[in-house]
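*Asks:* Now for the letters of each chain:
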Amino acid sequence: MFGHKNKPIRYALQAVNYTIFMALIWYFATAPSIRVLAEDEAVITIAFAHAGELLEPCQRLSGEELAKLAPNMRKLETCPRERSRVIIEATLDGKTLYSETLQPPGLFSDGGVDVYFSGSVPAGKHDFEIKMDDSVRKEGFNNTSSQVVDLIPAQIMLVVFEPEKGFVVK
Amino acid sequence: MLVNPVKRTYLALESWFNISFGTQWNPLYHLGTLSFFLLWVILVSGIYLFIPFHGSLAGAYNSVEYMTHDQWYAAGIMRSLHRYASDAVIITVLLHMFKEFASGRYRGFRWFSWFTGVPNLWVIVTIGITGYWLVWDELAQYVAIGSARLMDAIPMFPGAMTRNFVAGEMTDRFFILIEFLHLLGQPLALVFMLWIHVKRLSNVEINPPRGLAIGTFIALLVLSLASPAVSHGPADLSTMPQVINLDWFYLNIYPLLDVWTEGQTWMLTMGITLLLIMLPWLPPKKDGAKALVDLEHCNGCGLCFEDCPFDAISVQARTDGARFETEVIVHPELCGACGICAGSCPSSNPFRTPKGDLKTGIDMPQLTVDDMRKKTNEAIAQMDGDTKILIFGCDHGLNVNRLDSNDTKGIRLMCSGMLPPTLVEYALKKGAHGVMVTGCRHNDCFYRFGNRWTKMRFEGERKPILRGRADRKRIRVHGGSETDKNEIEIDLNAFRAELVKLNQTEKNSSGKLN
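First to last, the protein sequences are chains R and D. 93 is the number that this note's numbering gives to position 93 of the first sequence; each next residue is one higher, with no gaps. 384 is the number that this note's numbering gives to position 214 of the second sequence; each next residue is one higher, with no gaps.
One should not assume that every hint holds.
[Unchecked claim] To spell it out: a stretch of chain D is covered by chain R in this simulated footprint if at least three of its residues, at any positions, have a beta carbon under 8 angstroms from a beta carbon of chain R; those stretches are:
hint, region
1, 257–266
2, 356–367
3, 397–411
[Claimed, not checked] If you anchor each label on the Cβ, the simulated ranges turn out as follows:
hint, chain 1, residue 1, chain 2, residue 2, range
4, R, 122, D, 292, 47 to 57 angstroms
5, D, 487, R, 15, 31 to 41 angstroms
6, D, 453, R, 136, 33 to 43 angstroms
Quick caveat, the hints were computed from the structure, so don't treat them as lab data. Think of the CB as a built atom: it goes at the ideal place given N, C-alpha and C, for glycine as much as any other residue.
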């Protein structure tokens, strides 16, 4: 069991082994390649953070109520912590692209939600609509946006929500 | 005897490597040290690459391109070595795991090494993943988004990591964090975990044989020159890469995200990890009885402490008031029940107390040195013929009772290293014409050092040595696994033929003297 007795043959066999080892590395280091996106596809990504509206409006305290509080705890308003769920719906050419109801995170359901969606769609012109309902105190979707978008292959169309501007397509 | 198919496959692979590399350089016997060597290559090449690397979103890609193309002869080669050595280490680590699994060296007292080894694979893979980020090409973009999706799926994280990778959001700060992780945080974690991994071993080796290291390095260098590592196009968060040449050694999990949810992908990876971690207990293995110290016969010489492969013995100040300064104690939870300590104890001398029970300083309850002496006497008494051969065989190699015949008897040991050299001398003196010792294949002892210590003891290089009065021509050592019966039989027959000649020569010379 001390190896092939003929040294040149032993070295040749070693070379064969090293070649197999390196061939394995060489091949699987880059292959087989994967297709992430078809040639005629683009991507729509919806990504933003948003806090739903407070479940209950803030209450202004009366003078009597304020007087009952310790001086260092007196605030003019008291606000509940819980926030509303956020409902997002996006459609492309009338078909649902993304639809989700996100519950506010946190022990007291008081955090903002992180919206993230990314999906491939055919490149070209489309009717794109996105709407969001972030308040249980109002009926229906209170933020909407619709527009015709022209996507080129491999493009990532990014949709964000900015409180001052509403939905922005980048 | 049936050998399970997994072990048979491993042994066949091992045999092939023994033919081409010999037992000295067989890479399967040095998978751990080979992995360490590859980590050295990765470290040195990584330090070199760090010098010209520009750690920013805007500069990273161009600096890597500069290294790859403008300075292909230095930094380019270093990059390729860095990449290919990283890939190679995945192969050596997986083979290391396969070997330990196939040969049953992951259960019982060995659970700790296995249990602490599995997370190392995780650390190595995550180092590779962050390394791919740093190139900041299309592949990095693909990996970064996939990683962020996986991180966001973990409930304890706030869930906003993916938003870093939408156009205009990615910052240098985040990139530098990844750089810090890859260059310092993860490698330090790996070093710490590797230290834990080998904590229950003694005489830990971290360097492979020089020939194997040189061969591996040359092979990596040739590959680096023949097919240098290159980048994809630069990362652009406003477009999606269409085709990715994936490194399957590190990034194999990401394509799953195209068909599975992040949760399913986590379940698969964590499920495989948990299964691997739990393997030592599926089912659990009961070790043999642990070594016991008999202070009455222990002079605290410490030979057993030096020979124990699993750090299960320590030396402490004498507690029994005897005139010796030290004594040894056995830590049962670390003891592998191999008996190497009994073989190393100078008190394990069968010539002592020829009539009564043979007591020794450290012994195995399930097969004491006294038992070995009794079995030796019985075997010699049972044999007849002119070539009585007594075979001491390790139970992790061939069952030597399969070689029993009129003139050949086998005595099974837990490890060849538990054989006191004086017992070989004793057997020859008591009438055996030859003594053969079989263990695992050379350099591949189930208990790490059993066959190595035996060889060194017989050659006078390690205490307790085989004394000069034992005729070396009548002693044979053959390493072989349980599938090597034919080879061992061939060697046994050759040994028998040599003994016939030797007997004849001795007969002739004694005749002349008369």
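*Asks:* All hints, please: hold or fail.
*Replies:* Checked hints:
Closer than 8 angstroms: that is the beta-carbon criterion, and the region 257–266 of chain D has 3 residues meeting it against chain R, so the requirement of 3 holds. By the rule of at least three residues with a Cβ nearer than 8 angstroms to a Cβ of chain R, the coverage given for the region 356–367 of chain D is violated, with 0 such residues. Check on the region 397–411 of chain D: 7 of its residues sit with their Cβ under 8 angstroms from a Cβ of chain R, so the three-residue criterion for coverage holds. The hinted range of 47 to 57 angstroms is not satisfied by residue 122(R) and residue 292(D), whose Cβ atoms lie roughly 39 angstroms apart.
Hint check: residue 487(D) to residue 15(R), Cβ distance near 56 angstroms, so the stated range 31 to 41 angstroms is violated. Between residue 453(D) and residue 136(R) the Cβ separation comes to about 55 angstroms, which falls outside the hinted range of 33 to 43 angstroms.
In this structure, the hints that do not hold are numbers 2, 4, 5, 6, in rising order.
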